[in-house]
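**Student:** If you want the building blocks of each chain, they are given just below.
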Amino acid sequence: MKIGVCVKQVPAKDAPLAIDASGAWIREADISFETNEPDSFALEEALRLKEKHGGEVVAISMGPERAKQTIKEALAKGAERGIHVVDDKFYALDPLGSARSLAAAIQKENFDLILTGLQSEDHGFGQTGVLLAELLGRPHATIIMSIELQDDHLRVKRELEAGWFQWVELPLPAVLTIQSGINKPRYATLKGIMAAKKKEITSVPRESLGVQSAPTQKVERIYVPQKTKKTEFITGSPKEIAATLVEKLQHEARVL
Amino acid sequence: MKILFISEQREGKWNKVSFEALAASQQIAAQAKASVSGLVIGQSVAGLADELAGYQLEEVLVVENALLEKYTPDGHSIALRQAIEQSKPDLVILPHTYQVRDFAPKLAASMNKGMIGDCVSYRYENGNLIFVRQMFQGRTAADVTFQGEGPWIASFQAGAFRGDTAAKNSSGKAPVKTVNVQLKPEQIRTKPLELFREAKQAVDLTQAPILVSIGRGIKAPENIPLAEKLAEALGAELSASRPICDEGWLPMERQIGSSGQTVSPKLYLALGISGAIQHVVGMKGSRCIVAINKDQNAPIFEIADYGVVGDIFEIVPALTEAVESKAG
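Chains as they are written, first to last, in our numbering: chain A, 1 to 256; chain B, 1 to 328.
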């Protein structure tokens with residue numbers, strides 16, 4: 001089975017975020033980046049399917065030069081090769097523009113299965129997988145908690161809301177978005193890291209794809225959200241904090 | 001401007017978040033001087049359509065087909081595209097449910113349009129609609145506008161509006177109109193099977209008056225007893241954000257958030273929880289929220305009544321002791 005897995009590089013979870021001069025994105029200069037955590041579950045699922053059924057895993061990422069690191073990590077964990085769609089201004093694309101670019105870059109690969117994470121930890125649009133399915137003419141299922149390959153089709157477990165699940169069957173080729181927590185993503189081994197150095201990453205400048213996609217939406221500005229509640233911060237030594245908190249919960253909030 | 005509000009039902013029962021999206025549609029309409037039509041999709045949904053017609057709506061559109069009895073992304077996208085092309089709304093509003101996430105981007109793309117999903121609010125300024133959504137896991141908000149021609153598609157996050165504020169029609173019912181759609185069995189490529197619940201929920205967190213909830217900040221399963229002791233002292237139940245349950249440190253049934261339980265206890269203590277949207281939607285209705293987190297910029301502080309910026313490993317034991325001495 002030939003599997004494509006989309007992995008995005010996003011600001012590290014603990015990176016301090018400052019808004020850039022445009023007002024619509026963050027200052028990238030001083031912060032570190034990491035693989036979007038939901039995508040690491042998709043990658044792990046792709047690797048497990050390959051190990052069970054044979055085939056190849058291709059890691060696909062779009063972004064500036066630094067995004068190559070995320071592909072390298074996927075190669076170190078066991079993906080066979082990578083495709084890097086290079087675009088310094090990737091962050092400014094709308095979901096449809098991103099998906100069209102990715103679709104154009106991978107069209108010829110004819111993947112049997114494409115996996116993505118549920119959503120990214122930066123934009124959080126949560127649309128890429130579904131859009132790829134539509135643009136490539138594939139059936140899809142989202143928020144997947146289990147994948148079984150049965151002859152020529154898949155049987156997948158979709159998570160619904162409030163503790164409900166549903167099994168869904170769909171033919172290959174298909175696109176799935178993976179729910180976080182479906183598996184325990186592996187760490188790269190030293191051997192894997194060494195092996196990754198010899199693996200191929202194809203760089204495709206996004207503008208070379210000739211994708212014309214008029215933006216459907218625009219992020220005008222980003223900002224620290226206004227508080228809906230006034231938070232009272234309690235300071236002091238742990239002992240003092242504990243005493244004040246108990247006092248306030250008892251007599252101010254009256255919840256103890 | 002014409003707004004089309006698309007409701008969600010399963011097996012003849014409303015997804016209640018629908019009414020929040022209805023309230024949002026009506027509020028936007030009032031400001032933008034627009035009309036709102038409602039839409040019900042499925043099979044044998046006449047009863048639901050009649051119920052919806054009791055709300056303040058221009059009309060209620062019914063999209064019925066045997067192939068829509070069970071939800072599929074193909075069936076929903078193909079049918080709704082035809083309904084949208086026939087009714088020609090400028091703006092389509094949906095509740096941001098798991099189901100909407102599954103089909104709405106596809107529906108939008110099939111019309112060569114975009115979707116602004118998971119909005120928490122909107123503003124109407126100088127004749128322009130601005131949608132507000134969260135980015136960076138709630139650490140920033142973003143003002144987003146549609147570009148180009150409609151129909152525009154937007155979805156609102158659960159809890160963004162109050163469903164009980166959806167206005168009813170005081171003078172009768174809105175007309176109910178059937179929309180004919182063409183759908184062939186071979187167009188539906190996925191086969192939905194049975195719905196089921198994983199396990200009986202042994203703990204009903206929704207009934208607990210106090211919850212002590214842990215997040216990534218707890219670092220390792222060995223540290224959970226720390227939170228357990230505090231929960232015991234407070235007579236509270238222990239709950240968690242998703243990553244803790246994903247790791248298997250606590251069972252899934254103790255998860256609070258969009259994929260877990262939604263709670264509104266009188267007291268919610270968030271220990272080492274950053275406050276990602278997916279968690280916050282499950283607990284923001286709590287009467288009193290206490291957040292302890294080492295990151296002073298953690299979004300959990302946006303909704304906390306009392307905040308402590310500090311190390312949970314130092315503060316939680318002290319708090320347990322203080323609670324115990326109060327009781328003793």
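Keep in mind that the hints are not guaranteed to be accurate.
Unchecked claim - With a straight-line Cα cutoff of 16 angstroms, these simulated EDC-like cross-link-like pairs (lysine to aspartate or glutamate) come out:
1) B:K113 with B:E149
2) A:K218 with B:E149
3) A:K157 with B:D143
4) B:K33 with A:E200
5) B:K294 with A:D14
6) B:K2 with B:E69
7) B:K326 with A:E247
8) B:K294 with B:E314
9) B:K191 with A:E247
10) B:K191 with A:D14
11) A:K218 with B:E314
12) B:K219 with B:D295
13) A:K13 with B:D295
These aren't lab readings, by the way, just hints derived from the structure by calculation.
**Student:** Please go over all the hints and tell whether each is borne out by the structure.
**Tutor:** Now the hints, each set against the structure:
Using a Cα cut-off of 16 angstroms, the hinted pair K113 (chain B) and E149 (chain B) holds, with the two alpha carbons roughly 8 angstroms apart. Annotation: proposed proximity of K218 (chain A) to E149 (chain B) holds, straight-line Cα distance about 13 angstroms (limit 16 angstroms). With a CA separation close to 35 angstroms, the supplied pair K157 (chain A) and D143 (chain B) exceeds the 16 angstroms bound. A distance of roughly 57 angstroms separates the Cα atoms of K33 (chain B) and E200 (chain A); the hinted pair therefore is violated under the 16 angstroms criterion.
The hinted pair formed by K294 (chain B) and D14 (chain A) meets the criterion: a straight-line CA distance of about 11 angstroms does not exceed 16 angstroms. In summary, the hint linking K2 (chain B) to E69 (chain B) is not supported, as the alpha carbons are separated by about 28 angstroms, beyond the 16 angstroms threshold. Between K326 (chain B) and E247 (chain A) the CA atoms are separated by roughly 9 angstroms; this keeps the pair inside 16 angstroms, and the hint holds. For the proposed pair K294 (chain B) and E314 (chain B), the alpha carbon gap of about 11 angstroms is at most 16 angstroms, so the pair holds.
Distance restraint check for K191 (chain B) and E247 (chain A): the Cα-Cα separation of roughly 57 angstroms exceeds the 16 angstroms cut-off, and the hinted pair is therefore not satisfied. Note on K191 (chain B) and D14 (chain A): the hinted pairing is violated, with a Cα-Cα distance of about 41 angstroms set against a maximum of 16 angstroms. Proposed proximity of K218 (chain A) and E314 (chain B) is contradicted: the alpha carbons are some 44 angstroms apart, above 16 angstroms. Pair hint K219 (chain B) plus D295 (chain B) holds up; C-alpha atoms about 14 angstroms apart against a cutoff of 16 angstroms.
Distance restraint check for K13 (chain A) and D295 (chain B): the Cα-Cα separation of roughly 11 angstroms lies within the 16 angstroms cut-off, and the hinted pair is therefore satisfied.
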